[in-house]
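**Q** These are the residues of each chain, in order.
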Amino acid sequence: GQSLEQPSEVTAVEGAIVQINCTYQTSGFYGLSWYQQHDGGAPTFLSYNALDGLEETGRFSSFLSRSDSYGYLLLQELQMKDSASYFCAVRPPGGGNKLTFGTGTQLKVEL
Amino acid sequence: DSGVTQTPKHLITATGQRVTLRCSPRSGDLSVYWYQQSLDQGLQFLIQYYNGEERAKGNILERFSAQQFPDLHSELNLSSLELGDSALYFCASSASGSSTGELFFGEGSRLTVL
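Those protein sequence lines, which keep their order, are chains A and B. Here the first sequence stands for residues 24 to 134, where the numbers follow my numbering. Here the second sequence stands for residues 7 to 120, where the numbers follow my numbering.
Be aware that one or more of the hints could be misleading.
Said to hold, decoys possible - Chain B regions said to be covered by chain A (calculated; three or more residues, Cβ under 8 Å):
1) 48-56
2) 106-112
Said to hold, decoys possible - A few chain A residues that face chain B, going by a derived Cβ cut-off under 7 Å, partial list only:
3) 63
4) 65
5) 66
6) 68
7) 71
8) 114
9) 120
10) 121
11) 124
12) 127
Because the hints were derived from the structure by calculation, they are not lab data. Every residue, glycine too, gets a C-beta built ideally from N, C-alpha and C.
Make a model of the complete structure from these sequences and hints.
**A** This is the structure we're talking about:
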């Protein structure tokens with residue numbers, strides 16, 4: 024089976040940097056993704072790591088370490104609009120797109 | 007706008023009833039996925055279809071069923087509804103051969119069972 028654990032809530036101030044962690048127990052996976060969801064709206068894709076290391080996309084970066092069974096999403100220059108839920112997700116071995124999602128982290132950005 | 011369309015957006019019904027949720031994937035996407043999100047919970051995979059055929063099944067209850075039609079739209083049927091079935095139901099589609107496996111989600115159907 025697969026389980027991905029995330030902190031339930033993180034709070035940070037506008038302009039700061041915040042890291043959202045994802046620790047997983049899985050027999051194997053193809054890659055780790057991150058999705059953002061505002062207030063029960065449609066989840067939207069943020070970032071993907073197929074390999075260990077850091078992937079940067081604008082203000083968002085994502086990191087994966089398979090040896091540590093760990094990944095994180097880094098959000099820089101936080102803005103109020105970044106207040107949302109963030110989910111990590113793994114692709115199954117073989118590269119299909121049936122994602123298993125983590126427990127989700129609610130990020131609150133304060134002034 | 008992801009290009010994935012779901013109807014209805016909201017649905018209120020009573021226990022024991024049956025409802026059908028509809029999803030149209032992005033143009034050109036052959037795969038459709040259904041996910042359930044209960045209040046303050048993560049996204050639970052229900053079922054996947056690819057070009058009309060069932061491809062993968064998650065923790066989908068026997069009271070639930072789905073199908074994908076030749077025009078690639080999909081329907082999720084929920085029957086003998088219980089209070090615990092109240093949730094957001096998301097449909098997503100993906101492109102074949104995507105390097106990132108990105109899922110494009112619809113806005114969801116919010117089901118309330120009273």
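**Q** All hints are to be evaluated individually against the structure, with a verdict given for each.
**A** Outcome of the hint check:
1. 48-56: holds (count 5)
2. 106-112: holds (count 7)
3. 63: holds, 6 Å
4. 65: holds, 4 Å
5. 66: Because about 5 Å separates residue 66 of chain A from the closest Cβ in chain B, which is inside the 7 Å limit, the hint holds.
6. 68: holds, 4 Å
7. 71: With Cβ-Cβ at 4 Å, under 7 Å, it holds.
8. 114: Status holds, d = 5 Å.
9. 120: holds, 4 Å
10. 121: This hint holds: residue 121 of chain A lies near chain B, its Cβ roughly 5 Å from the closest one there, short of 7 Å.
11. 124: With Cβ-Cβ at 4 Å, under 7 Å, it holds.
12. 127: This hint holds: residue 127 of chain A lies near chain B, its Cβ roughly 5 Å from the closest one there, short of 7 Å.
Going through the hint list in order, the structure satisfies each hint without exception.
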